[in-house]
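Student: Listed here are the chains, written in short residue letters.
Number of protein chains: 2
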Amino acid sequence: MDVEPVPGTELLKPFRARDPRALARAISRCESGRGAELIRALYPQSGRAVTVGLTGPPGVGKSTLTGALVAHIRAQGKTVGVISVDPSSPFSHGALLGDRIRLTEHFTDPDVFIRSMASRGHLGGLAGATADAVTLMDAFGKDVVLIETVGVGQSEIEIAEVADTTLVALQPGSGDSVQVLKAGVLEIADVFVVNKSDHPMALQLQREIRSMMEMLHFSGWVPTLVATQALAGKGIDKLWESILAHDAWLRDTGAIRNKRRAAFAHRVRQLALGTLEGRIETVIDELGDDLDPYAAADLVLQRFGVRDGVHALGNVRARGGVRATVKGL
Amino acid sequence: MDVEPVPGTELLKPFRARDPRALARAISRCESGRGAELIRALYPQSGRAVTVGLTGPPGVGKSTLTGALVAHIRAQGKTVGVISVDPSSPFSHGALLGDRIRLTEHFTDPDVFIRSMASRGHLGGLAGATADAVTLMDAFGKDVVLIETVGVGQSEIEIAEVADTTLVALQPGSGDSVQVLKAGVLEIADVFVVNKSDHPMALQLQREIRSMMEMLHFSGWVPTLVATQALAGKGIDKLWESILAHDAWLRDTGAIRNKRRAAFAHRVRQLALGTLEGRIETVIDELGDDLDPYAAADLVLQRFGVRDGVHALGNVRARGGVRATVKGL
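Here the protein sequences line up with chains A and B, keeping their order.
So the first sequence is numbered by our numbering: it starts at 1 and just counts up by one.
So the second sequence is numbered by our numbering: it starts at 330 and just counts up by one.
These are computed hints drawn from the structure, not numbers from a lab.
Heads up, the beta-carbon is just placed ideally off N, CA and C, and yes, glycines get one too.
Hints are not guaranteed to be accurate.
DEER-style ranges, computed between Cβ atoms [to be verified]:
(1) B:G583 to A:R307: 30 to 40 Å
(2) B:M530 to A:A248: 41 to 51 Å
(3) B:R354 to A:D308: 24 to 34 Å
Sequences and hints are given; from them, build the entire structure.
Tutor: Below you can see the structure in the form of structure tokens.
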């Protein structure tokens, strides 16, 4: 009788030998939901990389910023992994292609690994495989992992739970910028990047960001503000310094432990809720038409051993983690 | 011994007597997670209203469109409820105020009920109380319920699961528009609204929308395209006709049953997952530091009677509902 190997573990040897094809295949496995064994095996080797999330509204120049950052980091002799998260849509291939073109100059560099991923996940936004890809690139030995997200929404706010350092890029002269700050993005920024800083409205945007920051009380890290012209490569050195400063702050103060613990909890929650959601659908499909939503939810919850019903208040989220008020269990 | 009344049910009498203060208080109760009994009692009276969701990028003029639609609907002698969903943020009060100013002319009309709600929910985006507010306004007797969301993200796509008819508003000459279409919003539109149609780029945007639509295969309803100048009140009659045409199509073909069933399933899922999420946090907090995320998720799932672990593939969503591939249970 043949002994079937644990799925995916045949990738471990080439992965540990730093074969980029093994990294690519490992990420693909996670994307298709078959990455559990790989992550189990490689998770202990992760946790060393500097992980950086970059978000901001469309058109701000995120791909150009990413390209410029990659060039700068490579010039320091460090290796880089890039994850470009794109909303899933019949049309997203065009966007992916556009991003890739901007990163083309790095395609032939064996120490730069670039991967586009769809943001298929809808439970909280970011696809689960994004976190797995970060773990894999980190365990593979990349010094820096950059995660670039498109647009501003739930998945963009969520990036702060995956990356150690979150960059929020804004552009001057766009009505979007203030809206973006309003949409909860202000709270996740470790570094603000005002790109296209040669624009006549750039100083005004910087003032707006500063005055909004004054309205918040920061305990711990106070976000820094960096002006860049990514296309011309200007300000990228300062941006990288700001990233390193935040990373050093995280490590010096021990705040990195909370960050990593929050990222771990985030991924566990994603996996558990994703699985439970599938089960819940089956139960809902079996429900009759004569129920109100609360009565139906109570029946669903009973199937998962929760006997005291819906607690809408059991679900309160605070910045940088989750604080839940829970009854029972 | 005093018999304590079921919480919230003292509102039922004034609610049924159509006292707007009872409607306001009922929504507040749902927002604070104490609305279960009210919804249970009033759900059977809901299902009559025309429910319309309006989404689109910031700056497109959604509040002006809402104001113009309300005026038009009122001129037909119909009553209206408006729910304005705003991202929760320390700064959102400004945005709410701005929206409200645009709706001011309707504040003294007793047949228009306006409510701003925070989009606090992060499980999928829209706060659960939004769906409850729709149920309440519907049961209260509003002929039309308009739900306006800010920005484009997960919660905006989700609006298609709450409202019968979804309007996607776009503005000419904004780089956002095509990005918005890419971000999965194309698929949820029943009616496209090109606002600010006096803009020189308006015809080009209409062409872009049409050519993107040609790339999709529509089974059933084919989205309509309406040009408006909401500030001048132009095109609002055509927009209202398009809404009624979609509503009539839903009812004539029986598609409304699937829509309503999907909305019901959406709310049940939201309530059940919201409760489970709170419980999951408690379990995660108790986990040790020596686990990888998959092993941790398996332990969490065991607490809810799921013994065969994480199935990342058990979570696949299709448009207009959820199709899940599930093992076990």
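Student: Please go over all the hints and tell whether each is borne out by the structure.
Tutor: Here's how the hints hold up against the structure:
1. B:G583 to A:R307: 30 to 40 Å: holds (37 Å)
2. B:M530 to A:A248: 41 to 51 Å: holds (47 Å)
3. B:R354 to A:D308: 24 to 34 Å: holds (25 Å)
Checked against the numbered hints given earlier, this structure breaks none of them.
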